[in-house]
Amino acid sequence: MIHIQHDDFDAGIEIESLRSIGSHIGAVVSFVGSVREFSDVRELIALELEHYPKMTQKSLESIAAEAKSRWDVEAVKIIHRVGRLLPSDRIVFVGIASRHRSEAFLACEFVIDVLKTQAPFWKKECLSSGDQWVDAKQSDDKKSLRWEK
Amino acid sequence: MIHIQHDDFDAGIEIESLRSIGSHIGAVVSFVGSVREFSDVRELIALELEHYPKMTQKSLESIAAEAKSRWDVEAVKIIHRVGRLLPSDRIVFVGIASRHRSEAFLACEFVIDVLKTQAPFWKKECLSSGDQWVDAKQSDDKKSLRWEK
Amino acid sequence: MKIKICYFAKIREQLDVSEEQLIFPDACDNTERLLEFLQARGERWSQVFSSDQKVLKAVNHEIVSEKCALNDGDEVAFFPPVTGG
Amino acid sequence: MKIKICYFAKIREQLDVSEEQLIFPDACDNTERLLEFLQARGERWSQVFSSDQKVLKAVNHEIVSEKCALNDGDEVAFFPPVTGG
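Respectively, the protein sequence lines represent chains A, B, C and D.
Going by this note's numbering, the first residue of the first sequence is number 1, and it counts up by one from there.
Going by this note's numbering, the first residue of the second sequence is number 1001, and it counts up by one from there.
Going by this note's numbering, the first residue of the third sequence is number 2001, and it counts up by one from there.
Going by this note's numbering, the first residue of the fourth sequence is number 3001, and it counts up by one from there.
Rather than coming from a laboratory, the hints here were simulated on the basis of the structure.
Backbone N, C-alpha and C define an ideal beta-carbon position, used for all residues, glycine too.
Be careful, since some hints might not be right.
[What the hints assert, rightly or not] Quick list of in silico lysine-lysine cross-link-like pairs, BS3-like style, CA-CA up to 27 angstroms:
{"id": "1", "chain 1": "C", "residue 1": "2067", "chain 2": "C", "residue 2": "2054"}
{"id": "2", "chain 1": "D", "residue 1": "3054", "chain 2": "A", "residue 2": "58"}
{"id": "3", "chain 1": "B", "residue 1": "1058", "chain 2": "B", "residue 2": "1142"}
{"id": "4", "chain 1": "D", "residue 1": "3067", "chain 2": "D", "residue 2": "3057"}
{"id": "5", "chain 1": "A", "residue 1": "143", "chain 2": "B", "residue 2": "1149"}
{"id": "6", "chain 1": "C", "residue 1": "2054", "chain 2": "B", "residue 2": "1142"}
{"id": "7", "chain 1": "A", "residue 1": "142", "chain 2": "A", "residue 2": "58"}
{"id": "8", "chain 1": "D", "residue 1": "3004", "chain 2": "A", "residue 2": "54"}
{"id": "9", "chain 1": "B", "residue 1": "1058", "chain 2": "B", "residue 2": "1068"}
{"id": "10", "chain 1": "B", "residue 1": "1058", "chain 2": "B", "residue 2": "1137"}
{"id": "11", "chain 1": "D", "residue 1": "3067", "chain 2": "A", "residue 2": "149"}
{"id": "12", "chain 1": "D", "residue 1": "3004", "chain 2": "D", "residue 2": "3067"}
{"id": "13", "chain 1": "C", "residue 1": "2057", "chain 2": "C", "residue 2": "2002"}
{"id": "14", "chain 1": "A", "residue 1": "149", "chain 2": "A", "residue 2": "58"}
{"id": "15", "chain 1": "A", "residue 1": "142", "chain 2": "D", "residue 2": "3054"}
{"id": "16", "chain 1": "C", "residue 1": "2054", "chain 2": "B", "residue 2": "1054"}
{"id": "17", "chain 1": "B", "residue 1": "1149", "chain 2": "B", "residue 2": "1068"}
{"id": "18", "chain 1": "D", "residue 1": "3067", "chain 2": "A", "residue 2": "142"}
{"id": "19", "chain 1": "B", "residue 1": "1058", "chain 2": "C", "residue 2": "2004"}
{"id": "20", "chain 1": "D", "residue 1": "3057", "chain 2": "A", "residue 2": "54"}
{"id": "21", "chain 1": "B", "residue 1": "1142", "chain 2": "A", "residue 2": "68"}
{"id": "22", "chain 1": "C", "residue 1": "2057", "chain 2": "B", "residue 2": "1058"}
{"id": "23", "chain 1": "C", "residue 1": "2057", "chain 2": "C", "residue 2": "2004"}
{"id": "24", "chain 1": "C", "residue 1": "2002", "chain 2": "C", "residue 2": "2067"}
{"id": "25", "chain 1": "A", "residue 1": "143", "chain 2": "D", "residue 2": "3054"}
{"id": "26", "chain 1": "A", "residue 1": "142", "chain 2": "B", "residue 2": "1149"}
{"id": "27", "chain 1": "A", "residue 1": "58", "chain 2": "A", "residue 2": "137"}
{"id": "28", "chain 1": "D", "residue 1": "3054", "chain 2": "D", "residue 2": "3067"}
{"id": "29", "chain 1": "A", "residue 1": "143", "chain 2": "A", "residue 2": "124"}
{"id": "30", "chain 1": "B", "residue 1": "1068", "chain 2": "B", "residue 2": "1142"}
{"id": "31", "chain 1": "C", "residue 1": "2002", "chain 2": "B", "residue 2": "1054"}
{"id": "32", "chain 1": "A", "residue 1": "68", "chain 2": "B", "residue 2": "1137"}
{"id": "33", "chain 1": "B", "residue 1": "1137", "chain 2": "C", "residue 2": "2054"}
[Claimed, not checked] Non-contacting residues of chain B with respect to chain C, defined by C-beta distances greater than 12 angstroms in every case (computed):
{"id": "34", "residue": "1024"}
{"id": "35", "residue": "1071"}
{"id": "36", "residue": "1102"}
{"id": "37", "residue": "1128"}
Just need the whole structure built from these sequences, with the hints factored in.
Here's what the structure looks like:
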């Protein structure tokens, strides 16, 4: 259940689809990431999301599979948008369906943390002052490292 | 942003409403809890959710306020249904809007963990063999205790 | 002093009462005294309030775990461990 | 042997190439040799691949951090640390 797409998504529909897996699903935990506007110094006009098409699907599938192997969860859904996005646009959805909530929280945070350091997406900010590639954040590396066994 | 209601809710609308707080919101983490059917021994016909009306709102408001005081989150939304629910029905929504994701994950799990041991709701299962009050789970006590300072 | 008492869930069913107004001697001004008073009502009451069954109490809509002072007009509630969410 | 090389994001812009087919001597059968080969192309290339700038590589769509053997038909990609999500 991996989708890489230009189109927008509807988190409500995704959550319902995860819930509808069966009446043994007690918990759905989801994460929706949005394009943040930088209010202080610079003005964000748009975000360009580049990816490596032949690798992206495989990379997200492997992260989802790892989440399912580590925790007792029933389903992992990942949607990641690519192309040109505007401030406040949805970028990414991660949804986990499970019997119990703890596993869903862990798996959801794991997926987004690892996606941020492993999946081949790159953000370029279109600012009023010109374009600029986003630098990887050390804090993201740290969050991802927490999950290393 | 606390609602105790008989009516159903729409997680998608809630997430959008949390996102629309502003373009500084980078993350919305949400939890949707559903009525689980017990496939093995007994058949669940319905769940009756009783609560203590004068205390419930106050109790959830205090949990939400505690979450906001502990983590840098912008908004906490809690919806809890009461009355008669059927298998697979939605019971509870917890949604957190924040600039960054880690805080949203922590606050969301905190709210649902503490709600499960502090908020005055009681579940009664209507089974084919008769009605039965649900016993509190030790595992829920443990999860809630993790958050004690 | 006048105390309102509410009972919920299994406790409400066991005692077959959901709420009552109680005129309570002024000297009996804490939850411990109130519990003794209720237990003295008979076997059903003493069983509910002194058995192994865990009973939580709230005073004016806040859960209290220790002995708690009571004042005229207070609302006390007794209920089993909560199971929402 | 024939290797396909892809460049992404900032690396792609710095080198001004998004992909190329490379006929590579059979003896040069690992990513370290390939890097040396690319660096020898000129200043711009040696800067990108030997500067402080972090460059990740993937062989056949899997990120590899160590030296990695290459075979005919492999696809190698170079890109900066990822910033999705």
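Structure-based check of all given hints:
Restraint check for residue 2067/C and residue 2054/C: satisfied, since their Cα atoms lie roughly 15 angstroms apart, inside the 27 angstroms limit. A distance of roughly 23 angstroms separates the Cα atoms of residue 3054/D and residue 58/A; the hinted pair therefore holds under the 27 angstroms criterion. In summary, the hint linking residue 1058/B to residue 1142/B is supported, as the alpha carbons are separated by about 23 angstroms, within the 27 angstroms threshold. Proposed proximity of residue 3067/D and residue 3057/D is supported: the alpha carbons are some 10 angstroms apart, at most 27 angstroms.
Between the alpha carbons of residue 143/A and residue 1149/B the distance comes to roughly 23 angstroms, so the proposed pair stays at or under 27 angstroms and holds. This hinted pair checks out: residue 2054/C and residue 1142/B have alpha carbons roughly 17 angstroms apart, not beyond 27 angstroms. At roughly 23 angstroms between alpha-carbon atoms, residue 142/A and residue 58/A fall within 27 angstroms of each other, so this suggested pair holds. Of the pairs offered as hints, the one joining residue 3004/D and residue 54/A holds, with about 13 angstroms between alpha carbons and a cut-off of 27 angstroms not exceeded.
At roughly 15 angstroms between alpha-carbon atoms, residue 1058/B and residue 1068/B fall within 27 angstroms of each other, so this suggested pair holds. Pair hint residue 1058/B plus residue 1137/B holds up; C-alpha atoms about 23 angstroms apart against a cutoff of 27 angstroms. For a cut-off of 27 angstroms, the pair hint linking residue 3067/D to residue 149/A stands: about 22 angstroms separates their Cα positions. Distance restraint check for residue 3004/D and residue 3067/D: the Cα-Cα separation of roughly 17 angstroms lies within the 27 angstroms cut-off, and the hinted pair is therefore satisfied.
A distance of roughly 17 angstroms separates the Cα atoms of residue 2057/C and residue 2002/C; the hinted pair therefore holds under the 27 angstroms criterion. With a CA separation close to 21 angstroms, the supplied pair residue 149/A and residue 58/A stays within the 27 angstroms bound. For the hint linking residue 142/A to residue 3054/D, the alpha-carbon distance of about 17 angstroms falls within 27 angstroms, and the restraint holds. Between residue 2054/C and residue 1054/B the alpha-carbon distance is near 22 angstroms, which keeps this suggested pair within the 27 angstroms criterion.
Between residue 1149/B and residue 1068/B the alpha-carbon distance is near 15 angstroms, which keeps this suggested pair within the 27 angstroms criterion. Of the pairs offered as hints, the one joining residue 3067/D and residue 142/A holds, with about 24 angstroms between alpha carbons and a cut-off of 27 angstroms not exceeded. Among the hinted pairs, residue 1058/B with residue 2004/C is consistent with the structure: their alpha-carbon atoms are about 18 angstroms apart, no more than 27 angstroms. Distance restraint check for residue 3057/D and residue 54/A: the Cα-Cα separation of roughly 14 angstroms lies within the 27 angstroms cut-off, and the hinted pair is therefore satisfied.
For the proposed pair residue 1142/B and residue 68/A, the alpha carbon gap of about 24 angstroms is at most 27 angstroms, so the pair holds. For the proposed pair residue 2057/C and residue 1058/B, the alpha carbon gap of about 15 angstroms is at most 27 angstroms, so the pair holds. With a C-alpha separation of about 13 angstroms, the suggested pair residue 2057/C and residue 2004/C falls inside the 27 angstroms cut-off, and the hint holds. As the CA atoms of residue 2002/C and residue 2067/C are separated by approximately 18 angstroms, the hinted pair is consistent with the 27 angstroms bound.
Proximity of residue 143/A to residue 3054/D is assessed by CA-CA distance (about 19 angstroms); at most 27 angstroms being required, the pair is judged to hold. Restraint check for residue 142/A and residue 1149/B: satisfied, since their Cα atoms lie roughly 24 angstroms apart, inside the 27 angstroms limit. Taking the CA atoms of residue 58/A and residue 137/A, the gap is about 23 angstroms. The hint holds against a cut of 27 angstroms. A threshold of 27 angstroms between alpha carbons decides the hint, and for residue 3054/D with residue 3067/D the separation of about 15 angstroms falls inside it, so the pair holds.
Only pairs whose Cα atoms come within 27 angstroms are accepted, and residue 143/A paired with residue 124/A is accepted, the gap being roughly 22 angstroms. Taking the CA atoms of residue 1068/B and residue 1142/B, the gap is about 22 angstroms. The hint holds against a cut of 27 angstroms. Distance check on the hinted pair: residue 2002/C and residue 1054/B sit about 18 angstroms apart at the alpha-carbon level, within 27 angstroms; holds. Only pairs whose Cα atoms come within 27 angstroms are accepted, and residue 68/A paired with residue 1137/B is accepted, the gap being roughly 25 angstroms.
Among the hinted pairs, residue 1137/B with residue 2054/C is consistent with the structure: their alpha-carbon atoms are about 13 angstroms apart, no more than 27 angstroms. Even its closest Cβ contact with chain C, about 30 angstroms, leaves residue 1024/B beyond 12 angstroms, as expected for a residue assigned away from the interface. Residue 1071/B, annotated as away from the interface, keeps every beta carbon of chain C farther than 12 angstroms; the closest lies near 20 angstroms. The Cβ of residue 1102/B lies farther than 12 angstroms from every Cβ of chain C, with a closest approach of about 22 angstroms, so its non-interface assignment holds.
Once the 12 angstroms rule is applied to beta carbons, residue 1128/B is consistent with being away from chain C; the minimum gap is 20 angstroms.
Hint compliance for this structure: every hint is met.
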